[in-house]
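Chains as they are written, first to last, in this note's numbering: chain L, 1 to 564; chain V, 1 to 101.
No wet-lab data here; the hints were simulated from the structure. Every value quoted in this text rests on a predicted model; they were computed, and no experiment measured them. Heads up, the beta-carbon is just placed ideally off N, CA and C, and yes, glycines get one too. Mixed in with the good hints there might be a few duds.
Okay, the calculated beta carbon distance ranges per label pair [as the list claims (entries may be wrong)]:
1. L41(V) - T559(L): 30 to 38 Å
2. V48(V) - N364(L): 40 to 48 Å
3. E371(L) - V20(V): 33 to 41 Å
4. K30(V) - G96(L): 37 to 45 Å
Here are a few chain L residues that sit away from chain V, every Cβ distance over 10 Å (derived from the structure) [as the list claims (entries may be wrong)]:
5. I44
6. N73
7. K88
8. F133
9. F214
10. D326
11. T328
12. R375
13. N456
Lysine to any residue pairs mimicking SDA-like chemistry, simulated, CA-CA at most 20 Å apart [stated by the list, open to error]:
14. K141(L) - K35(V)
15. K423(L) - D77(L)
16. K21(V) - K460(L)
17. K42(V) - N437(L)
18. K157(L) - D94(L)
19. K141(L) - N256(L)
20. K552(L) - Q75(V)
21. K205(L) - Q178(L)
22. K201(L) - T43(V)
23. K424(L) - G83(L)
24. K352(L) - N437(L)
25. K59(V) - P555(L)
26. K71(V) - E218(L)
27. K141(L) - Y52(V)
28. K205(L) - S57(V)
29. K26(V) - L52(L)
30. K95(V) - D77(V)
31. K460(L) - D551(L)
32. K386(L) - Y484(L)
33. K26(V) - K141(L)
34. K224(L) - Y520(L)
35. K4(V) - I37(L)
36. K424(L) - K502(L)
37. K94(V) - P555(L)
38. K80(V) - P497(L)
39. K42(V) - Y520(L)
40. K26(V) - I53(L)
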Amino acid sequence: MNKYENKKIILENFENEFSYKKNKSNLNIEFNRIAFIFFIFFSISLIYSIQLIHLGSRQENNKKEPFTHPEKNYRADIIDVNGTYLVKTVSTTDVGINPLEIIDKKHLLVMLRYIFPNKNFDMVEKNIDKKKFFYLQKNIKPSKYNKVMLLGDKSIKINKRLTRIYPQENLFSHIIGQIDDDNQGISGIEKFFDYELKKVKEPLKLTVDTNIQFLIREELLKFKTIFRSKGAAAILMNVNNGEIISMVSLPDFNLNKRQSITDVNYINKVTKGLYELGSVFKTFTIASGFNAGLIEPDTKFLDSKKIIYCDKNRPIREYDNDIPADLTVKEILIRSGNIGSVRIAKKIGVKKHKSFLKKIGILNQIEFDIEEVGRPRPVNWKEGCKLETISFGHGIATTILQLAKGYSIITNGGYDIKPTLIKKKISKERDRIRILNEDVSKKINPILRKIVSTKNGTAKLANVQGYDVGGKTGTAEQPIDKKYSRIKINTFASIFPTENPKYVLVVMLESTKNNKEYIYEYRDGSGFKLKGSPRNTAGWTSVEAAGKILDKIGPILATKYIEN
Amino acid sequence: MKKKILIMSILILILFTSWVKNSSKKIEDKIFDVKENIRLLKTEIEYVLLEYNYLSSPKNLTQYQNQYFEKDLIQIDITKIRELIENNNKLLEKKLIKINK
Chain L
1 MNKYENKKII LENFENEFSY KKNKSNLNIE FNRIAFIFFI FFSISLIYSI
51 QLIHLGSRQE NNKKEPFTHP EKNYRADIID VNGTYLVKTV STTDVGINPL
101 EIIDKKHLLV MLRYIFPNKN FDMVEKNIDK KKFFYLQKNI KPSKYNKVML
151 LGDKSIKINK RLTRIYPQEN LFSHIIGQID DDNQGISGIE KFFDYELKKV
201 KEPLKLTVDT NIQFLIREEL LKFKTIFRSK GAAAILMNVN NGEIISMVSL
251 PDFNLNKRQS ITDVNYINKV TKGLYELGSV FKTFTIASGF NAGLIEPDTK
301 FLDSKKIIYC DKNRPIREYD NDIPADLTVK EILIRSGNIG SVRIAKKIGV
351 KKHKSFLKKI GILNQIEFDI EEVGRPRPVN WKEGCKLETI SFGHGIATTI
401 LQLAKGYSII TNGGYDIKPT LIKKKISKER DRIRILNEDV SKKINPILRK
451 IVSTKNGTAK LANVQGYDVG GKTGTAEQPI DKKYSRIKIN TFASIFPTEN
501 PKYVLVVMLE STKNNKEYIY EYRDGSGFKL KGSPRNTAGW TSVEAAGKIL
551 DKIGPILATK YIEN
Chain V
1 MKKKILIMSI LILILFTSWV KNSSKKIEDK IFDVKENIRL LKTEIEYVLL
51 EYNYLSSPKN LTQYQNQYFE KDLIQIDITK IRELIENNNK LLEKKLIKIN
101 K
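Required output: the full structure, derived from the provided sequences and hints.
What follows is the structure, given as structure tokens:
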């Protein structure tokens with residue numbers, strides 16, 4: 001028997017701890033990962049597809065080119081206090097022709113004749129024959145520009161540029177000034193604010209009023225002709241904040257013509273011209289005395305001589321021989337006494353009077369908004385007779401602008417002001433600094449009023465009803481080569497209303513001549529008329545001009561600039 | 001469940017961002033257009049104002065006055081103008097300028 005036959009094989013299931021099981025969850029993870037990544041990519045692609053479809057379906061807008069100021073030749077506009085344009089930068093188009101690129105000359109000329117019927121085409125043809133580029137039309141109108149472009153001729157060249165136009169022509173020539181071909185300011189505001197005008201987008205707002213400027217200029221032009229004056233100037237300024245409402249200097253020029261001005265007579269006579277202004281300085285002498293507390297309006301100066309000598313060869317005479325020997329301070333100013341002014345100045349002394357004139361800005365060059373500013377010649381106070389002559393406005397030269405500033409300070413309560421042409425957004429009324437004693441204005445203003453309102457005053461012709469005008473005249477011969485010539489500067493410095501001054505108006509006529517035909521109408525209510533100017537003095541020239549100016553501008557100032 | 005919420009949130013945020021971006025772009029375009037229109041209108045008004053300033057300049061007005069009205073226009077005496085002021089339902093007359101004798 002087989003040894004294995006007796007053995008029983010028992011098969012039984014082997015129980016092992018290890019057993020294979022199909023892990024369903026692991027399989028799911030793998031599938032979900034792939035599906036998730038697929039889903040993300042699908043979603044992203046879907047979003048982008050939607051976006052693309054959406055963008056594709058959008059209506060294309062006619063995008064306009066964003067408006068930008070071409071850097072070259074850009075300058076900001078200049079406006080007056082009412083927002084009226086004084087200077088405007090406009091875009092202009094010039095049309096030129098390059099004859100070398102003309103294909104059909106006859107056809108081109110026919111078409112151009114149709115577009116520009118009033119043009120001289122004989123000249124155009126000659127220019128074409130010269131075979132050199134030329135401008136057919138400058139500053140072309142938009143309608144004509146379109147027609148020219150429709151011709152589609154490649155010989156037609158378009159030049160677009162920015163140009164500066166001055167709608168008020170001559171009116172503000174001395175204030176605004178000029179620019180050169182390279183867009184650089186060469187005078188006036190254009191020069192002083194050159195950087196700002198190139199950088200700032202907003203218009204530059206000035207304090208001047210176009211209407212008032214026009215009225216003053218018209219009157220000045222009229223009186224320049226009447227008195228055959230070489231030149232004329234006027235300034236109207238707010239005495240409290242120094243804002244200049246009008247500043248006229250004649251002769252002036254049309255800014256649009258872009259002339260090269262070389263004649264000295266065209267200087268700005270308000271800011272640049274230095275003049276010995278004569279008796280208008282007597283107001284400063286008396287105000288200086290009031291400020292120092294050395295005199296009062298009723299202080300008497302007795303036994304004044306008709307002629308005095310400050311050194312052996314230099315006599316000082318009265319302008320009017322009828323002036324009494326005994327006068328109060330008030331009467332000295334009203335009668336415009338030279339000797340009285342000298343006596344007051346001597347009482348004040350050099351140190352105090354010099355300090356006073358310096359305080360009100362007469363002695364030094366003024367800081368202003370344009371560069372054309374006169375630099376007063378230094379005064380040598382040690383020189384013989386200097387104090388005496390300065391007391392009545394000789395031996396010292398200054399500008400009309402400084403005179404206006406001085407009158408503003410002595411009449412506005414003694415507050416310092418800075419004349420300006422630029423309108424500030426915030427007025428600094430509270431920051432005013434008092435540089436003179438308060439009572440100076442209280443004492444001087446009624447005297448200035450009397451110069452205009454009384455019979456003995458020298459400025460009766462400016463007594464315009466309703467405006468409470470006060471002021472002082474000055475007739476001064478001008479020195480040429482250290483000798484006084486017959487050229488006279490007739491000045492009237494006025495303030496109004498004297499009770500509470502708001503404005504200073506200075507009118508100056510240069511080198512006037514008598515007019516035998518002019519009829520003066522007295523303003524004293526008598527209705528008296530006088531034919532012909534009796535004297536070539538400020539009282540008969542500048543004062544009359546100032547009166548007529550006030551007639552015109554008074555209603556505007558009273559209504560438009562009324563303070564509630 | 002959390003995963004689903006997370007995935008859904010991401011998806012919603014992606015979609016929402018896309019929608020916001022698209023809307024803001026639309027608004028930006030509109031703003032650009034409006035700004036450009038304003039700029040053009042401003043330029044236009046500047047030219048109109050310039051023309052008005054020139055045509056109504058004192059020089060031209062004086063010329064028109066002389067041409068069409070000759071002596072029909074007269075200067076009003078400023079001293080006769082009165083300002084009307086309302087005070088407690090009463091109209092008060094105030095002289096525009098003080099007259100000094």
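Hint check, failures only: 3, 5, 7, 9, 14, 16, 17, 33 and 39
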